[in-house]
Every structure is written in structure tokens, then in C-alpha cells.
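Undergrad: Work the whole structure out from these sequences, hints included.
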Amino acid sequence: MDADGGLLRGTVDVLILKAVTWGPRHGYAIAEWIKAVTDSDLLVEEGPLYTALHRLEKRGWLVGEWGYSENNRRAKYYELSRAGRLQLRAEVSAWERYARAVGKALSAASPQPA
Amino acid sequence: MRRVFRIPFQQQRIEEDVDDELTFHIELRVERLMERGMPEEDARREALRQFGAVDVIKESCVTLDNERVRAMNRASFFTNLRQDVTYAIRTLSKNKAFALIVGLTMMLGIGANVAVFSVAYGVLLRPLPYRNADELVRLWTRNDSRQLEFFSVSPADFAVWRERNRVFSAMGAFDRQRDATLTRGNEPQSVSVAAVMPDVFSVLGTSALLGRRITDSDAQAVAPPVALLAYELWASRFGGDSSILGSDVTLDGRKLTVIGVMPDRFSVPGTPAQIWTPLSLVGTSPDHSNRYLRVLARLRPGVELATARVEMDKIAAQIGVEFSESNRDWRVNMMSIPEFVVGRQWRRAVIVLSGVVGFVLLIACANAANLQLARGASRRREIAVRAALGAGRGRLVTQMLSESTVLALVGGLAGLALAYAGVAALRSVGAQSVPRLDEVNINAVVLGFTLLVTIASGLLFGIIPALGASRADLGSALKEGGRGVDRGAVAPRARDALVVAQIALSLVLLVGAGLLMRSFVRLQQVDIGFDPTEVQVANFRLPQARYPIPDQAGEFYSTLLARARAMPGVRSAALVSSAPFFGVNSGFVFTVPERPPAPGDPNPDADSRVVSPGYFKTLRIGLVRGRDFTEADRRGADNVVIISESARRLYWPSEDPIGRQIQIGTGERATRYNIVGMVNDARYQSLQTPDVRPMMYFSALASLPPGMSLVVAGPSAELLASKLRELVRQIDPLLPVGAIQSMEELVTLALATQRFALMLFALFALTALLLAAIGIYGVLSYLVRQRTHELGIRIALGASSNTLVASVVASALRVALPGVIIGIAGALALTRLISSLLFGVSPTDVATFAAVSVLLTATAALASLIPARRATKADPMLALRGET
Numbered sequence: 000m001d002a003d004g005g006l007l008r009g010t011v012d013v014l015i016l017k018a019v020t021w022g023p024r025h026g027y028a029i030a031e032w033i034k035a036v037t038d039s040d041l042l043v044e045e046g047p048l049y050t051a052l053h054r055l056e057k058r059g060w061l062v063g064e065w066g067y068s069e070n071n072r073r074a075k076y077y078e079l080s081r082a083g084r085l086q087l088r089a090e091v092s093a094w095e096r097y098a099r100a101v102g103k104a105l106s107a108a109s110p111q112p113a
Numbered sequence: 000m001r002r003v004f005r006i007p008f009q010q011q012r013i014e015e016d017v018d019d020e021l022t023f024h025i026e027l028r029v030e031r032l033m034e035r036g037m038p039e040e041d042a043r044r045e046a047l048r049q050f051g052a053v054d055v056i057k058e059s060c061v062t063l064d065n066e067r068v069r070a071m072n073r074a075s076f077f078t079n080l081r082q083d084v085t086y087a088i089r090t091l092s093k094n095k096a097f098a099l100i101v102g103l104t105m106m107l108g109i110g111a112n113v114a115v116f117s118v119a120y121g122v123l124l125r126p127l128p129y130r131n132a133d134e135l136v137r138l139w140t141r142n143d144s145r146q147l148e149f150f151s152v153s154p155a156d157f158a159v160w161r162e163r164n165r166v167f168s169a170m171g172a173f174d175r176q177r178d179a180t181l182t183r184g185n186e187p188q189s190v191s192v193a194a195v196m197p198d199v200f201s202v203l204g205t206s207a208l209l210g211r212r213i214t215d216s217d218a219q220a221v222a223p224p225v226a227l228l229a230y231e232l233w234a235s236r237f238g239g240d241s242s243i244l245g246s247d248v249t250l251d252g253r254k255l256t257v258i259g260v261m262p263d264r265f266s267v268p269g270t271p272a273q274i275w276t277p278l279s280l281v282g283t284s285p286d287h288s289n290r291y292l293r294v295l296a297r298l299r300p301g302v303e304l305a306t307a308r309v310e311m312d313k314i315a316a317q318i319g320v321e322f323s324e325s326n327r328d329w330r331v332n333m334m335s336i337p338e339f340v341v342g343r344q345w346r347r348a349v350i351v352l353s354g355v356v357g358f359v360l361l362i363a364c365a366n367a368a369n370l371q372l373a374r375g376a377s378r379r380r381e382i383a384v385r386a387a388l389g390a391g392r393g394r395l396v397t398q399m400l401s402e403s404t405v406l407a408l409v410g411g412l413a414g415l416a417l418a419y420a421g422v423a424a425l426r427s428v429g430a431q432s433v434p435r436l437d438e439v440n441i442n443a444v445v446l447g448f449t450l451l452v453t454i455a456s457g458l459l460f461g462i463i464p465a466l467g468a469s470r471a472d473l474g475s476a477l478k479e480g481g482r483g484v485d486r487g488a489v490a491p492r493a494r495d496a497l498v499v500a501q502i503a504l505s506l507v508l509l510v511g512a513g514l515l516m517r518s519f520v521r522l523q524q525v526d527i528g529f530d531p532t533e534v535q536v537a538n539f540r541l542p543q544a545r546y547p548i549p550d551q552a553g554e555f556y557s558t559l560l561a562r563a564r565a566m567p568g569v570r571s572a573a574l575v576s577s578a579p580f581f582g583v584n585s586g587f588v589f590t591v592p593e594r595p596p597a598p599g600d601p602n603p604d605a606d607s608r609v610v611s612p613g614y615f616k617t618l619r620i621g622l623v624r625g626r627d628f629t630e631a632d633r634r635g636a637d638n639v640v641i642i643s644e645s646a647r648r649l650y651w652p653s654e655d656p657i658g659r660q661i662q663i664g665t666g667e668r669a670t671r672y673n674i675v676g677m678v679n680d681a682r683y684q685s686l687q688t689p690d691v692r693p694m695m696y697f698s699a700l701a702s703l704p705p706g707m708s709l710v711v712a713g714p715s716a717e718l719l720a721s722k723l724r725e726l727v728r729q730i731d732p733l734l735p736v737g738a739i740q741s742m743e744e745l746v747t748l749a750l751a752t753q754r755f756a757l758m759l760f761a762l763f764a765l766t767a768l769l770l771a772a773i774g775i776y777g778v779l780s781y782l783v784r785q786r787t788h789e790l791g792i793r794i795a796l797g798a799s800s801n802t803l804v805a806s807v808v809a810s811a812l813r814v815a816l817p818g819v820i821i822g823i824a825g826a827l828a829l830t831r832l833i834s835s836l837l838f839g840v841s842p843t844d845v846a847t848f849a850a851v852s853v854l855l856t857a858t859a860a861l862a863s864l865i866p867a868r869r870a871t872k873a874d875p876m877l878a879l880r881g882e883t
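Chains as they are written, first to last, in numbering that gives the first Met the number 0: chain A, 0 to 113; chain B, 0 to 883.
Misleading hints may appear alongside valid ones.
Said to hold, decoys possible - Simulated restraints, written as ranges between beta carbons of each label pair:
hint	chain 1	residue 1	chain 2	residue 2	range
1	A	Ala89	B	Lys95	46 to 56 Å
2	A	Asp38	B	Asn65	30 to 40 Å
3	B	Glu45	A	Ser106	39 to 49 Å
4	B	Thr85	A	Gly59	20 to 30 Å
5	A	Asp38	B	Glu39	23 to 33 Å
6	B	Arg12	A	Arg88	30 to 40 Å
7	A	Asp38	B	Thr85	47 to 57 Å
As the list claims (entries may be wrong) - PhoX-like mimics (lysine-lysine), calculated; alpha carbons at most 25 Å apart, straight line:
hint	chain 1	residue 1	chain 2	residue 2
8	B	Lys57	A	Lys34
9	B	Lys57	A	Lys57
10	B	Lys722	B	Lys616
11	A	Lys57	A	Lys17
12	A	Lys17	B	Lys57
13	A	Lys17	A	Lys34
If you're looking for bench data, these hints aren't it; they were derived computationally from the structure. Every residue gets a Cβ at the ideal spot worked out from N, C-alpha and C, and that includes glycine.
TA: Printed below as a string of C-alpha cells:
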């Protein structure tokens, strides 16, 4: 992941929130999901993902809890909190607005505004 | 997923968790890579590469977690607190009677403390309006062989002190204040003026509020005359108008330019002057015995008062050698300004008073704790249920403490209101006897103190019940169902101990109050030697500028006297240079011609007053031998003197003094006076000294000091006040008349310190007694309720009600007596602290101790009567069934 660029960081945040909408997941699983859905384009290094996870936990959007993974190893699972769910909803609709607007602009046919 | 309960609350725990989390990720990645056939070493390298800078990531995660945990702890603390307080308020509002009693108890305790603290703060602790006031000292000369402890300083001595000492960074001197007539427009006003060296202001280090202070150039002989005003005069006389700067005021006929106003509360310590004028020591008398200056100095940083004392005594000894005539036996005395301003006796009194109210608060806390304990017993079931539901012991204790703190806060708030009223009352009672009392008020510092005391006492009276209740055996509490006997080990013993402590503390206070009351009665029985009833006193000072010749002043006074005597309702009127308990004392040294003192022996000395004929009759001071002054005892006639009984006892112990002589002065300036009369001793200064100073009276017709007091006796003396003003206006419209006071008031004022101390002490001691009585009552009521079962059986078996009452009263006395004994021991140790406030009573006065012990024991017995009567009404059937 690029170190600078608020857009990318915000993007990772929203992807993390999305990743846990189907239930608690640990960091590795979240990383794998993001890689899978973005064809490894966004997540260059996995480390910063953890910074993001802890940051989101601090903001109260994620709730971290220790549990045991499938192969019986102690792992930290992240779950979406109520506040996190609301945040995700807000970010998704913001993204859609943004994408629509940019999309409209890029597909414009005339140089003058209508 | 199986969950693990684990709350990361420690730094180490957080780091371990982050480590575990990251390791889990990397290990999992390694495994996956190896599953795809990568050798372990390569897999590990690849996993770390994909991950990035582990250390950096770890550190930022730990930081984030720490912040999160801190915020969480904070939040949960406040959540718990809010829950506890809400719960406390709900519980208390369900027990209004209990809350009311504890609240009232705390109100008394906290109110007393806040009122006295505001006095202590205003009088003792509030900073004086000087730069580093702790470095400031006042200096005097002292002469032990003449019993002069705080005597003025001659300009010659001052110059040597200033030149030779290495302990003071600056020194300044000023004159005793004098009364002067301030005229502005047509209204004369009597004000107090002191001539002050410019150095005094730099010693004190206080800047002027307006304009400037007096500087060296003002003190030069050719400088234009200037005046510096005190805030209070500026505010009252000039309406706080800053245009006063640079304008002129007339002082005893002399025009002065106002150069500045000093800030509020500022005064030059040692003079109550309202106006300061420059003083220069240039050209003053080189005579070392010409002692009239008052001296202030500032210690060099780091120099102790004791060091300065040693150094100054060394210098005084040098002067004593160089000028042995005037300075032999003269040493230096000094006192720090904070001590000087408050005075030793008041410092002690305020400290004692703070201790007294501290006791009252302790008693109040003991009471509140006792009530809590009694209630705790009936709440055991509720507590047991909460504990069973998982409330930890810490949480239970916090819950109980919140309750007591809420109660204390309610009491504290009411106490603050009480203190507010109390301070107003204190000010009106003590304003004339307590220094700086007018500066006392409820301010931010006092409010802070209130909050502190309130919370501290809430915790104090909550902690024993809280610990006791939380330790209670849950199982038995639940089984008993909250009914029956309190078998918690802590409660009964703790309750008894609290009552013992209450009784002991109250006894100490009551003994103190008793001792003060006895000394007060003794003081009032002191023979003052004159009759103050129906006597009024008015002060006059004729300005030199308008009465330059003594005859003019004489004429004024004789007109005044004649008209005063002619007023209806006046029995008699006279003049005196300084009336009893009013104005300053004056004295002199003399010799008895037949018995000149041996070389090296001190001359005899006496206090002196200048009086007009009829003075003794006016004050009803008995003439024992000889005659009063007459109109013939005037200048030019024979010099005559009238002596007091104690002067005779001291100087003519075995002979008739009438016809003998005293000599004042030596050599050519010697004057002899014939003793023509002897009068009874009258007290002029203090009621407390065992002996009256010897006094000699001189005739006002022979020599008239500039200031005199008119004393007027008559049945309607109070009505005279207004008439007297009118009368003076007729004789001299420009002469200010100060306050006209009744002699009885002046005598009462002389007892003001004692009265003030007694009143407060008695008030607090009675509060303590009341609280202790409530405490005893509370404990015994509870005891009786506990014993209902036993008492019922005894009634069933035919015990008479007298036997039952006696048994309850006896159990009260079993608690009271140890309290009384401990209290006596405490009082014996503590009452010497108030010995300076006592008069004619020993701090270990047996009668007082006995009376107070009996009083307390009787109170304990009385307080047990109501529960005892209830005991006799116990229903045997209920008691036997065990349903109480």
C-alpha cells in the first residue's frame, strides 16, 4: 500500500470494514480477501493493514477479540461494531456518489456544461 | 471460533498481544507458501517481504492500542461513577430520614469548619499586601531592667543600625501617627497621619495603585509638601476619584499635594495612618535617648530572624558601650511582620479554633459513620444480592463510598450556606477585637477548602461501614433474609469505638468551653476601679495651626466643659488626656527626692494622665486621702500631683504620701510636684494583668496636651452624643468630633477577645455535645432493637420495666465511661494550648473537669432513656416468635 495518499488509506479502511461484514475475521483472512477482490492491486504490503486494523479498533468501528483459528491457533478476530456498520454504509454511499460523478464527467460528450 | 476472555490492560499485555497477532499472520503465510512447495527458508523470507517493516508496524499498533485502552478505562471509570452516584441518589431518596440526619450532621461539621477556615485564611494565611512579606521585620528597642519590651528607636540609633548591620537589605523608619484635621471644602474630618521615610515603601515593596509613592526627593527640605493616601480614605472621602492626583488637600491648615493612592488592604505595619507624608532624618537630634521612631526592615534573602537578632544585639551592645549614658541595657527586639500583623495571641487562638472545629467535624463523621453502620446492617441482604450477582468487593466499596460522598456533598452545600451566615455573624461580633477580620469572606480558596473537606469527610465516614458491609458473610445474610441479629464482626465493636471517640472529643471541647467560661466570669468580676455606667467619652485634638498658644486651647476646653456641665441631664463632666480603655498609655520616670536611686538602679516610673478637676467624681474613682484638683491648680501655682493607691504601695509603702514630693527631670530642668491626693486604682489598659500599674495624675489647668478626651456622666448620657456635636460646632465649627462612645462599651470591648473566643468555643462545644448525644441515641436504639428478643423473654419472665430501663442505661454508661476517661486524658494534654486565653483559672481546673464529666455522663444516660423506654414496650409474643 502506498504510504501517502489519503485516498488509498481511506480505500483500505473501507475495504477492511467490508471484509468483516460477513462475520469476524482475523487479519490474515482480511488480507487474503482484499487481495482476492482487488487482484492484489491495492495491497502491496500486508503490514500496514494491521496499523489500519488497530486504528479502526481504536475508533470503535471494529471490535477485536481473541479466539482460536481453524487450526487451533490463538488469533485476533475483528468484528464490525454498530458504529462500524454505520460508517461502512456512509462510506459506500459516498463512494457510489463519487464514482457516479466521476463516471459522468469522464463520459461527457460536449465541452460545455449543459 | 471459540472465544477467550482476556482484557488487555497492561502495557506488557498489549505488546504481547500485538506480537502474537503479527506472528500468527506471518506463520500462516509461511505455511501457505510451504504448502505450495516453497522451502521453509525462502517461504519465511517471502512472508516477511510481503509483510513489510515488522518493527514499525508493531510499534504503531502498540501505540494505537495503548491510546484505545486508556480512553476505555477513562470511559468506564466515568460510567461506573455515574452509575454509583445515580444509584446512591436513588437509595438515599428512599431513606429520606436517614439522609436528612446525616446531611444535617455533616452540615454542622462542615459549616463550622468552613466558617473557621475562612477566618483562619483571612487572618493567618492570606498573603499580606507586601512583596515577600516573610522577609519583613519590625524592630524595637527593649530594656529589660525597665520592663520595656517594644520601645521606639531614636534616629541616632537607627542611623547606626542601618550603617553597621549586614542582615537587612533595606531599613526604613516612620513617626507615630498623629491625628490631624483634613479640610476639603467646608467639612473638617479627623484623620490619622504618619510621617514616613521614603525607604519604608521600598522596604515593603508595594506599588502605588494610582500615581506614585513617596520618593527621596519628596523628603528633602526644599521639596513641595506632598501626601500619599490610603485606599480606604481615598474611597470614602474622595469617592475613589482618580482626578485627586495632583490636587491639594489641607491638613491642619497646611496645603499638601496628593501624589498617589496606595492599593486596598495596604497599610504601613505599625501605624493605622490614612495619610502618609515624607519624613527625613536629616538634622534630627543626635541624642540616642530621644526614642520615637518605628522601624521596619527587610531581611537579606536567606538570613534567618534569629541570625538578625544576634547581629542586631551585637550592634546594640556596641552602642551601649559607645554611649553608655543613654544606651546601657538597651537591646533590640524584633518580630516578623506576618506575626506582628496578626499578633501572637490571635495566631494561637485561630489555630486552637481550627483544632476545635476539626474535632467537631470528626464527631460529625463518627456520627454519620455510626448511622451508616446501623443502616448497613439492615442493608446486608441487598448487598449480599449484589455481591451474588457478581459485584466485586471493590465495586461494592465504591458504591457505598459514593453514597457517603453524595451525603457529604449535600451536607457540604448546606454547610456552606451555614458558614456564609456564620462568617457574617463572626464579623459583626469580632470585628473590633480580631485583626484583619474585616478581610474575611467566602472566596475561591474557601470554596476549594470546602470541596476538599466535604469529599474527605464523605470518604472518612463511608470507609468503615463500606469495608464492614462488603466483608459480610454473603451466605448467612441471604439465608437470614435480612432479619435478625447482625453478626458481622466489625459493626458493633466499630460502633462502640465511634461513640467512645465522640464522647472523648466532646469532652475535650466542653472542658475548653468550661475553662473559657470560668475565666470570662472571673474577668467580669475584676474590679476596674471606676464606674462606667452613664459615662460617654469623646476625643478632641486641637490643631496646632489654629490653637498656637496653650491659653487658646485652655479657653476652648473650659468653654466646652462649662457648656457640657450646663447641659440638662449631665451629672458631671471632666477632661482626661487618655480615658480608660481608650487611646494610648503614657508614662514617665521620676525620683523621690528623699531617696535618690543608687547609681545603676533604675528610676521609679509610673503611668500618667492629665485630668481636669472633677475627673474622679465623673468616673467615681474614690478619693482615699487628700484632695482633688481645683481651679487653683493652674500654671504658675504650685506643681501638684495625685497618685494612685498602687503608686503609694510601690513607692511610699509605709508612710503617708500626702505632702511628699516627686521630682521629674534632673539638674536645672528638674521640676518637683507636691502630692496632694491619693485615689483608688483604676484600670486603664487591660483587665487581665494581675496588678494595676502605678498611676499619677497631673492638672490639666497646669499643662494641656494637644489631645484630650471629654468624659461626661449623666442619666441621659446617650442622648448627649448629638447634643455634644452641636455644642462643639457652636464653639469651633472647624473642629472635627470623632466617635462618641459609651464607657460601658469600651469596658465591654476590653473583654471582646475573651468573649469572642468563649462564644465560638461554647457554640462548637454544644454542637459537639448534641452530635454526641445523637450518636449515643443511635447506637442504643440499635442495641435495643437487637436485644428485643432477649428483652421480650425477660418481660415474659416477669422482669419489671425498671430493671429493663436500668439495663439499657447501664449499657449506655458502659460506652460513655471509657469515652469520658479518654476525654479527660486528652483534655489534660490539650487545654494548656488555650492557657493564654484563660484568666484566673488553671488549664487543669478540677471543678471544670468534674462538671463536664458529669454533664457528658448524664447526657449519655438521657440519650439512652428513649430506647430504654422502647425496650419496656417490647411485645413478648413477637419477640419469642422472633419476628421483630
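Undergrad: For every hint, state whether the structure bears it out.
TA: Verification of the hints:
Our hint of 46 to 56 Å for A:Ala89 and B:Lys95 holds, since their Cβ atoms are close to 50 Å apart. Restraint check, A:Asp38 to B:Asn65: a C-beta distance of roughly 36 Å satisfies the suggested window 30 to 40 Å. In this structure the supplied range 39 to 49 Å holds for B:Glu45 paired with A:Ser106, their Cβ-Cβ distance being about 42 Å. Distance hint check for B:Thr85 and A:Gly59: the Cβ-Cβ separation is about 24 Å, which falls inside the suggested range of 20 to 30 Å.
For the hinted restraint 23 to 33 Å between A:Asp38 and B:Glu39, the CB-CB distance of approximately 28 Å keeps it satisfied. Between B:Arg12 and A:Arg88 the CB atoms are about 34 Å apart, so this pair conforms to the stated range of 30 to 40 Å. Look at A:Asp38 against B:Thr85: about 55 Å separates their beta carbons, and that is inside 47 to 57 Å. Proposed proximity of B:Lys57 and A:Lys34 is supported: the alpha carbons are some 22 Å apart, at most 25 Å.
For the hint pairing B:Lys57 with A:Lys57, the CA-to-CA distance comes to about 15 Å; that is within 25 Å, so the pair holds. Between B:Lys722 and B:Lys616 the alpha-carbon distance is near 22 Å, which keeps this suggested pair within the 25 Å criterion. A distance of roughly 17 Å separates the Cα atoms of A:Lys57 and A:Lys17; the hinted pair therefore holds under the 25 Å criterion. At roughly 24 Å between alpha-carbon atoms, A:Lys17 and B:Lys57 fall within 25 Å of each other, so this suggested pair holds.
For the proposed pair A:Lys17 and A:Lys34, the alpha carbon gap of about 13 Å is at most 25 Å, so the pair holds.
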